[in-house]
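Under our numbering, think of the first position of the sequence shown as 1, with each following residue one higher.
Keep in mind the hints are simulated off the structure, nothing from the lab. Note that the structure is a prediction, hence the values are computed from the model and not measured. Hints should not be assumed to be uniformly reliable.
As the list claims (entries may be wrong) - Derived DSS-like pairs: lysine-lysine, alpha-carbon spacing no greater than 27 Å straight-line:
1. Lys31 x Lys174
2. Lys215 x Lys35
3. Lys4 x Lys132
4. Lys65 x Lys159
5. Lys65 x Lys172
6. Lys215 x Lys36
7. Lys35 x Lys125
8. Lys4 x Lys172
9. Lys4 x Lys159
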Amino acid sequence: MGLKTFGLTGVDWEERVNLERLRQDRLSRIKAALKKSELGSLLCFDMNNIRYITATHIGTWAMDKLVRFSLLPQDDEPIIWDFGSAARHHQIYCPWLGERSRAGISTLRGATAPASGLADDVARKIRVELEKRRLLNEPVGVDVIELPVLFALQAQGIKVVDGQQLMHQVRKIKTQDEITLLNTACMMVDAAYEELYRYMRPGVRENECVGVVSKVLYDLGSEHVEGVNAISG
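Let's have the full structure, built from the sequences with the hints guiding it.
See the structure below:
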């Protein structure tokens with residue numbers, strides 16, 4: 001057997017995806033890259049980057065909201081700010097975060113009124129953490145950001161620079177467990193194509209084919225199904 005293949009469940013009699021190792025490897029990689037960079041800290045609003053650094057997740061509905069944020073200071077552990085209920089959830093179920101899961105949200109892609117002061121609140125929170133670690137005068141790398149939050153950070157005397165390229169450099173090299181997860185995802189897609197092949201016949205509509213593919217993937221445990229292309233021409 002040239003390629004390891006695993007089931008979709010965790011067992012005690014095989015090492016499949018080692019989630020603790022996955023969390024540790026990801027955090028170790030970004031810490032090492034941050035250490036070698038000219039950045040004093042890394043501030044993330046992209047949910048995929050936040051997940052990579054903090055190993056937290058609250059559902060795919062929040063993927064494009066830019067409402068949660070995390071800070072990784074040089075030579076320190078990450079801090080996550082989230083909806084109050086989510087922050088409490090992390091405190092209960094994410095022991096690797098310790099006391100570093102806190103309530104606090106950003107501007108929800110402008111859905112909150114500027115008068116709410118959320119942008120200023122984000123900036124104040126970040127400044128406090130930077131001052132504690134004597135990093136206020138060091139550049140803060142940011143992955144993606146809303147303009148009101150950017151302006152609020154600058155008003156606090158924080159130098160904001162591009163941090164997304166650092167995240168890309170780290171994430172493009174996959175860890176052992178990420179490779180296993182990618183292989184598993186490919187297997188799930190193969191299963192979806194097999195079911196689609198069996199289902200297709202004259203008169204079947206494209207939306208029905210998308211439904212078949214989505215059902216197979218979700219039945220197999222997929223967290224998110226995106227962009228199923230069904231174009232007959």
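Each hint tested on the structure:
no. : hint           : verdict
1   : Lys31 x Lys174 : 15 Å, holds
2   : Lys215 x Lys35 : 43 Å, violated
3   : Lys4 x Lys132  : 46 Å, violated
4   : Lys65 x Lys159 : 24 Å, holds
5   : Lys65 x Lys172 : 24 Å, holds
6   : Lys215 x Lys36 : 44 Å, violated
7   : Lys35 x Lys125 : 22 Å, holds
8   : Lys4 x Lys172  : 22 Å, holds
9   : Lys4 x Lys159  : 46 Å, violated
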